[in-house]
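Peer 1: As they're listed, the protein sequences go chains Z and W. Residue numbers are given in our numbering: position 83 of the first sequence equals residue 83, and the series is strictly consecutive. In our numbering, each number is its position in the second sequence, counted from 1, plus 1000.
Treat the hints with caution; some may be incorrect.
[Stated by the list, open to error] Calculated pairs, DSS-like style, for lysine-lysine (alpha carbon to alpha carbon, straight line, at most 27 Å):
(1) Z:K51 <-> Z:K27
(2) Z:K62 <-> W:K1096
(3) Z:K27 <-> W:K1096
(4) W:K1073 <-> Z:K44
None of these hints come from the bench; they were simulated from the model.
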Amino acid sequence: NAGVMQNPRHLVRRRGQEARLRCSPMKGHSHVYWYRQLPEEGLKFMVYLQKENIIDESGMPKERFSAEFPKEGPSILRIQQVVRGDSAAYFCASSQTQRGNTEAFFGQGTRLTVV
Amino acid sequence: AQTVTQSQPEMSVQEAETVTLSCTYDTSENNYYLFWYKQPPSRQMILVIRQEAYKQQNATENRFSVNFQKAAKSFSLKISDSQLGDTAMYFCAFMKQHNAGNMLTFGGGTRLMVKP
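Chain Z with its partners taken away, still in its complex shape (with noise of 0.2 Å):
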């Protein structure tokens, strides 16, 4: 049973340019959860998705971002028109019900670079 996988591992964009970031949960998993890491710092939580529903989008930038987790494929996290204090690590996790007393398992990242 493959981990949450995380593709790009490394994206560098210049800016002005679109970032797409994919990840594919753990077979089974239907609940997915996007982070931001910025250097030296925690992981900050952007968004909670279930198939096809956002379900708490609290931690994402008004502008620019958007996520989506549809029926068939992976959750992407979109950022339009990168700018340099995007740079940052991007974590995905998965879980397999909402509830507190499972496990959410996390992907390798996703290393966004703006130049």
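Chain W: place on chain Z using the hints.
Peer 2: Relative to chain Z, chain W alone:
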């Protein structure tokens, strides 16, 4: 809103010695979970140990144990018999106990260096 504070940005310990990493948190919730995660240079987030707030007994996992003081809102991690492979960033994290998702609030991390 919850906050998690790790007051030690960096720590070091000699191999085979014991080290304790500190974590405090602030919440108005009565039921919640606390976690310690390890992040080695590979960036993979690895769950080290978890504690349910309603349990008085401190959680242990092999060489890792916690000192959970609910009234003081303190959750420290003790690593016994430190090994070189324990070198990593360690993050303390909080999660509400509810059925509305497993969102974690993380502290800023402690960088642990185990010296030979």
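Peer 1: Against each hint, give a clear statement of whether it holds in the structure.
Peer 2: Results of checking the hints against the structure:
Restraint check for Z:K51 and Z:K27: the C-alpha separation of about 13 Å stays at or below 27 Å, so the hint holds. Our distance criterion of 27 Å between C-alpha atoms is met by Z:K62 and W:K1096, whose separation comes to about 24 Å. Between Z:K27 and W:K1096, the direct Cα distance comes to roughly 25 Å. Compliance with the 27 Å bound is thereby established for this hinted pair. With a C-alpha separation of about 21 Å, the suggested pairing of W:K1073 with Z:K44 holds against the 27 Å cut-off.
Figure legend: structure checked against the earlier numbered hints; every hint is met.
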